[in-house]
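Novice: Listed here are the chains, written in short residue letters.
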Amino acid sequence: MTTWAKPFTVAVPDADVERLHAKLELATFPDELDGAGWDYGVPLADIKRLSEYWKNTFDWRKAERSINEIPQFTTDIEVDGFGSLNVHFVHQKSEVENAIPLLFVHGWPGHFLEVRKLLPLLTAGSHDHPAFHVVAPSLPGFGFSEAPGKPGFAGPQFAETFNKLMLSLGYNEYVYQGGDFGHIIGVYVANIYGHKHMKGWLSNMPMYRRPTAFSNPLLFLELLTLPFNKTLRDRIAAVQHLQTTGMGYFNVQATVPQTIGYSLADSPIGLLAWLYEKLYMGVGGYPWTEDEVLEWISIYWFSRAGPGAPARIYYELTGGNSHDLFEGTTWTSVPLGLAWFPQEPVRLPKSWAHMIGKVVFESDHEVGGHFAAFEQPQALVSDLRKMFGKGGPAHGVVPGKDGYQ
Amino acid sequence: MSNSTEQPFVLAVPDDDLALLRKKLDLVRFPDELDDAAWSYGVPLADMKRLVSHWVNGYDWRKSEAEINKLPMFTRDIDVHGFGTLNIHYVHQKSEVKNAIPLLFSHGWPGDFLEARKMLPLLTEKSPDHPSFHVVALSLPGFGFSEAPKKPGFAGRQYAEVFNKLMLSLGYNEYVYQGGDWGYILGLHAVTHYGHKHIKAWHTNVPSVGPPKLLSNPLVWLSSWLSSSNNSSQAKHGNARNWRTKGMGYFMEQATQPQTIGYSLTDSPVGLLAWIYEKLVTWTDGYPWTDDEVLEWISIYWFSRSCPAAAGRIYYELTGQNTHDTKAGTKWMSVPLGVSYFPGEIIPTIKAWSSMIGNIVFESEHDKGGHFAAFEQPEKLAGDLWKMYGKGGPAHGVVFGKNGYD
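These protein sequence lines are chains A and B, in that order. Following the working numbering, the numbering of the first sequence begins with 828 at its first residue and continues without gaps. Following the working numbering, the numbering of the second sequence begins with 8 at its first residue and continues without gaps.
Keep in mind the hints are simulated off the structure, nothing from the lab. Treat the hints with caution; some may be incorrect.
Said to hold, decoys possible - The calculated DSS-like cross-link candidates involving lysine-lysine, where the alpha carbons are at most 30 Å apart (straight line), are: (1) LYS882/A / LYS157/B; (2) LYS875/A / LYS157/B; (3) LYS101/B / LYS70/B.
Remember, it's a predicted structure, so these values are computed and weren't measured experimentally.
With these hints in hand, go ahead and build the complete structure from the sequences.
Specialist: Shown next, in the form of structure tokens:
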């Protein structure tokens, strides 16, 4: 099946921009406890500063023009049981004809623009490293993609959407990069379309199930070394802290996404706080500018399906919080690369990543957090080049497209 | 007794606040919704659209306000060790029966002082057939029209101190207590610190306590282990199961990041409406909410003295940001305790375990009613208090000289 992609430009209606400003004019702020800092959530001073900037200084039309310099398209994808979904995506081809087709998938609260800084680096041709043709969609329900209309759009459906997208562009075989839900969906893509279509992938948030005595006895036994293994202890402590204090949003979105949706759709500062908490806490010191933050939040505010829709991904992928995110998936032998960033909040023991798939590449970075493509584009591109380039463990996985002239 | 700072309280929301609410409602933007979602994903869009439309076109806040102002309401300053002075709002309705039993009623979240409203005539009326009470129903600090604490750490001990100082300042050296939701947990804290000396007996409609541990409660553990699967009316009803499996998000968020969710709740009346309305429906037992009742309830939060964000902090403070149980710092006390079981109660209660809470002298089980028992089933709850404290009842005469009858 071939569908023709239509060029797409972001063009938020004037009325929507005006309504945002009208709401910001009426914004009412809560109080805050003395000395709260970040202990109770996003500090009041941060929200006031960002809200003022959004109202008075941030220029959405300027941001929009800049976004529209990136080649974007939409196409209709037929998803079994869900009818046709109009999917928005970036598609930047390299001048290298045999560049490796790469599918880049964002997560929550991410969006398609996380690929932006990677584009010039990934598509550049050179003797020294491979080039890529890059496809970066908005997840259904996010950014400028249509949202599914019915319940049950879960891992297999996201995987189906993206596989069909690549096929529709003539990329019968491709490689994949993702973190956050981009990683989680990557597990489904590897499970369902691995080898046949998806030939290899790199994750910057390697996460899977916990080892049990039956599923992974050796990894399970490793946990017994905990008292003697400071590295392992530190990583587990980090995740336990996240579990204890940082999972409120997960629980809400996995059980009552519609309820929080009313807040997120109606209050720009409510949406700002909900997302900025993650932008700040996930990065370990990335020097966000106001423009960067507000452009990011604006993508959610002006998104096609509205800010209420993205939260549903938590519900659908966990069955309303009744099972884990990887339902129905298992280990696959599709070549897997792991990019470890030190400030990634989901810092599970590294040995557990081997339960995901056949690890052929690993890299350890000194700097960077959850939004690796945005924070450390050079580092992530370097990983992709090493993994898929000449001499690399996944060189030539896509026959006829090894990334060189 | 120090100089009383008590002032009569008249609720009078400024016109500007009403105008701002109206402006925000006029700018409402709704999210989308999945086909046939009903309540599976949260509050249905149709409910929200109807309620918002009524809020704009039909609901009359000034009428609600006038009715609320018929209640005898006051404020006074209460000094809390380490937190300075908090101005506390309360209803104080005395009975014509001079020896009526002083009773402190505490609400929870997302409750408010008005939950006592329907019980007031029942509790204060004079009758040869049942005892009478002088009722004090406060707004918890940070809720309704009480001031909010300004610093971190305002937890069980501090709420208990407010309760006790309030009752003492009203001349009630000895009193009884009733509460559900946080009213239950704070009751545990209050009884721990002021039980026997000041709190002579108490009652809760949420007698919830964790599984007995073999070493600390061997007999209770054994009996619950031996009993067949829990066949209680609460287990059959479904509200409690739904709360455990699908209804804990608000708790997790407010216990860990109350400020973050606070921005939405303070800026968007529609966001606040959804966040609370979800509980009003899913925590009650078929209560036939009218739109006016819902909007009045939400308005108490919207027009609260502090801001809607302040109330959620109680989850954070009482759990140490989700690191310990809400009951930490309390102990089993032999102060007489009455418990009532309602089938639609969301917090799991197991009769066999209730004796671990306190010295149970009264138990009652109902076939109707949910989490907001005083609001949904005022006759049943008041009836329980009548039986517990009335002549021949297990807690009759606990307050010296004030047995509820003249």
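Novice: Could you check the structure against the hints above and give me the numbers of any it violates, in ascending order?
Specialist: Hints that this structure does not satisfy do not exist here, as all of them hold.
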